[in-house]
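Protein chains in written order, with my numbering: chain A, 1 to 290; chain B, 1 to 394.
FYI, nobody ran anything at the bench for these hints, they're computed from the structure.
Quick caveat, the model's predicted, so the values are computed rather than measured.
Ideal placement from N, C-alpha and C gives every residue a C-beta, glycine not left out.
Errors might be hidden in some of the hints.
For lysine to any residue, the following SDA-like pairs were computed, each having C-alpha atoms within a straight-line distance of at most 20 Å [stated by the list, open to error]:
1) K223(B) with A8(A)
2) K223(B) with I129(A)
3) K115(A) with F236(B)
4) K290(B) with E390(B)
5) K167(B) with K253(B)
6) K106(A) with A50(B)
7) K221(B) with V265(A)
8) K221(B) with F4(A)
9) K221(B) with L5(A)
10) K265(B) with Q116(A)
11) K221(B) with F252(A)
12) K221(B) with A8(A)
13) K58(B) with Q116(A)
14) K185(B) with M118(B)
15) K221(B) with G133(A)
16) K185(B) with T260(A)
17) K253(B) with P128(A)
18) K106(A) with F51(B)
19) K115(A) with A210(B)
20) K223(B) with I252(B)
21) K221(B) with L257(A)
Taking beta-carbon pairs under 7 Å as the criterion, some of the chain A residues facing chain B (in silico) [said to hold, decoys possible]:
22) E3
23) Q6
24) F117
25) T135
26) T210
27) A254
28) G255
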Amino acid sequence: MSEFLQLAFSGLTVGAIYALIGLGFTLIYNASDVINFAQGDFVMIGGMGTVFLMAAGLPLPVAALIALAAAVLVGLLLHRLAIEPARGASPVTLIMITIGASIFIKGVSQIIFDKQFHSLPAFSGDTPIPVGGATILPQSLWVMGTALALVVALYLFLEHTLVGKAVLATAANRLAAKLVGINVALVLALAFGLSAAIGALAGVVATPITLTRYDIGTLFTLKGFAAAMLGGMGNPVGAVVGGLLIGLIETFAAGYLSSTYKDAVAFLMILLVLLFLPRGLFGSRSVERV
Amino acid sequence: MDTPARLRPMLRAAAIMLATAVAGPALTGTALAADPIRIGSVVSATGPAAFLGDPEAKTLKLYVDELNKKGGLLGRPVELVLYDDGGDANKARTFATRLVEDDKVVAMVGGTSTGATMAMIPVFEEAGIPFVSLAGGIEIIEPVRAFVFKTPHTDKTACQKIFEDMKARGITKIGLISGTDGFGKSMRNQCLKVIGQYGITVVADESYGATDSDMTPQLNKIKNTAGVEAVLNPGFGQGPAIVTRNYAQLGIKLPLYQSHGVASKSFIELAGPAAEGVRLPAPAILIGDKLAAVDPQKPVVAEYKTSYEKATGQPVSTFGGYGYDGIQLVARAIASAKSADPKKIRDALEATKGYVGVTGIYTFTPTDHLGLGTDSFRMLEIRGGDWALEAPAR
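Please model the entire structure based on the sequences and the hints provided.
This is the structure we're talking about:
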């Protein structure tokens, strides 16, 4: 039992991080149909930015806030300089543009920051909390709590605010949204900025656990993308469930089967789900596009 | 045809340059006394392996300058021909060919990664030019190649050092958690090859991906395996730091052994308080100031540390030390061969006996082109966020 609990805690922590990145994918995809492969790099900017600002003497909250703002700026620039000029290009082209942006961000980070691994101190200490024979780190609670808070906030924003509805409307039909007076360009910029903020926040809370380096975004992008696909691209709830599922499958596979094949098991599950539910677990509920 | 006046000096300069270029080879041929001895090098001063290659490049430059200040070798100046492969083995091979064919080097010190070294070996073997590699892989010197030597320890040496320590402490059953990256895989294989000689058995054998961020499932499995008396983590990069943190999180009280792959201050920083009590083998340079006064390596390490830190303003690293030993070995070989003929340098290199270097004390033989024993490693324990020298447990 304690082993099961231990694995579940690990899985939920890792899964919550994947879920946050999956959420970022969802938001941008919803607004613009772009699958943003630079999503993981926002996580890196959040983590590395905070590390270096703290090293410069700033307290954690201030450093995190500035890093967050920097990530948002990068997100907006990504939209303005790379996505917007290619408006109307095919989704594949746009995806390639984001991959290029990701490589570019990594390259610049190597120069601005450095090539070493870095860590942040845990927010509430390193003493593990014993629960039913297993242990959980306080930082894991931070990660899960942040994920939960962001999911709720994002849900409220999309479903219960006018701006949120505008995002959904833009996603459903850009032309129609324009015709009813929605500033589409602004909505798209908002989606990129928000998505960058979510990614960066994930980076800040996850760095004490995962450590960070200029190139750590690639891994996060892949796992977050898998989470979003498993849940059904475009569905925020799906992204969260998908992220948690992948995290849990990975840890249970490593704990009960073989650590060598844990990634293989996770990706096999995704393949199976997509084989039978091509739109993902929650895909049927997503907006129909014509 | 009239040339504008202002162009004339330029034309004259061009003509002189052309004449020198043509006459150049002939001139150097006659002025043999001033002809420099060329030592080649290809390192990864930039790119993903820059943290290894950059200190190597700086060390090589520093000590070639030093040699020249002392009057060079055999009364001739020494010239270092240094190329940066940017971490690309293909480029390394191209530069190796250039060193042999264009630069006519008499010896080569370089090869930051095992991949780059393996790519360059055929070039130097064929040309019959001695090549001292700075990379870790055991395949560089096993099987022994006539012209290839190397200065860094191998994974095998590290495994032997760790198992010696375990044996002395009466540990017979261990859990293994290895990274699946090149370093982790290679070290795991080397460890499994020699472990039998120490009467130790592996009762739990786990692995993790190089970019994984959570190793608690694997460690939990080891924790629940009956009979495990210690855990060994062959790995490189951030993986071992996360393993160490997770180890503490799960409250595992068994001794944790890390490899020489994490022998740097940044490991202690990344692993934080969880690193307390972790044991690992490391070269003397890491703890230069803590070495016993009678230790033969103490003065060498101290001299290198002072010179390097004064010249570059950066702290010394193990990797720069490999470069130091490489260039010193070649310089000694040229001096003792009393010749800059590559074949004679090779023979002198192989005859090296008891050279006290930064990394260890080297004695090459025709069957051993690494020349380091387990005594080149010191067993360290992390105490109070710093390295502490373990008294040999015997």
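Verification of the supplied hints:
1. K223(B) with A8(A): 16 Å, holds
2. K223(B) with I129(A): The hint holds at about 18 Å.
3. K115(A) with F236(B): This hinted pair holds, its Cα atoms lying about 15 Å apart.
4. K290(B) with E390(B): 11 Å, holds
5. K167(B) with K253(B): Holds, because 18 Å separates the two Cα atoms, which is no more than 20 Å.
6. K106(A) with A50(B): 16 Å, holds
7. K221(B) with V265(A): Since the Cα atoms of K221(B) and V265(A) sit roughly 18 Å apart, the hinted pair holds (cutoff 20 Å).
8. K221(B) with F4(A): 11 Å, holds
9. K221(B) with L5(A): Since the Cα atoms of K221(B) and L5(A) sit roughly 13 Å apart, the hinted pair holds (cutoff 20 Å).
10. K265(B) with Q116(A): 12 Å, holds
11. K221(B) with F252(A): 11 Å, holds
12. K221(B) with A8(A): Answer holds: K221(B) to A8(A) is near 14 Å, not above 20 Å.
13. K58(B) with Q116(A): Roughly 19 Å separates the two Cα atoms, so the pair holds.
14. K185(B) with M118(B): 18 Å, holds
15. K221(B) with G133(A): The given pair, whose Cα atoms are some 14 Å apart, holds under the 20 Å limit.
16. K185(B) with T260(A): Roughly 12 Å separates the two Cα atoms, so the pair holds.
17. K253(B) with P128(A): 14 Å, holds
18. K106(A) with F51(B): 17 Å, holds
19. K115(A) with A210(B): 16 Å, holds
20. K223(B) with I252(B): 7 Å, holds
21. K221(B) with L257(A): Roughly 10 Å between the alpha carbons, so the hint for K221(B) and L257(A) holds.
22. E3: With Cβ-Cβ at 6 Å, under 7 Å, it holds.
23. Q6: 5 Å, holds
24. F117: Holds: closest Cβ of chain B sits about 4 Å from F117(A), inside 7 Å.
25. T135: For T135(A), the interface hint holds, since the closest Cβ of chain B sits about 6 Å away, which is under 7 Å.
26. T210: 4 Å, holds
27. A254: Check passed: Cβ of A254(A) comes within 4 Å of chain B, closer than 7 Å.
28. G255: 4 Å, holds
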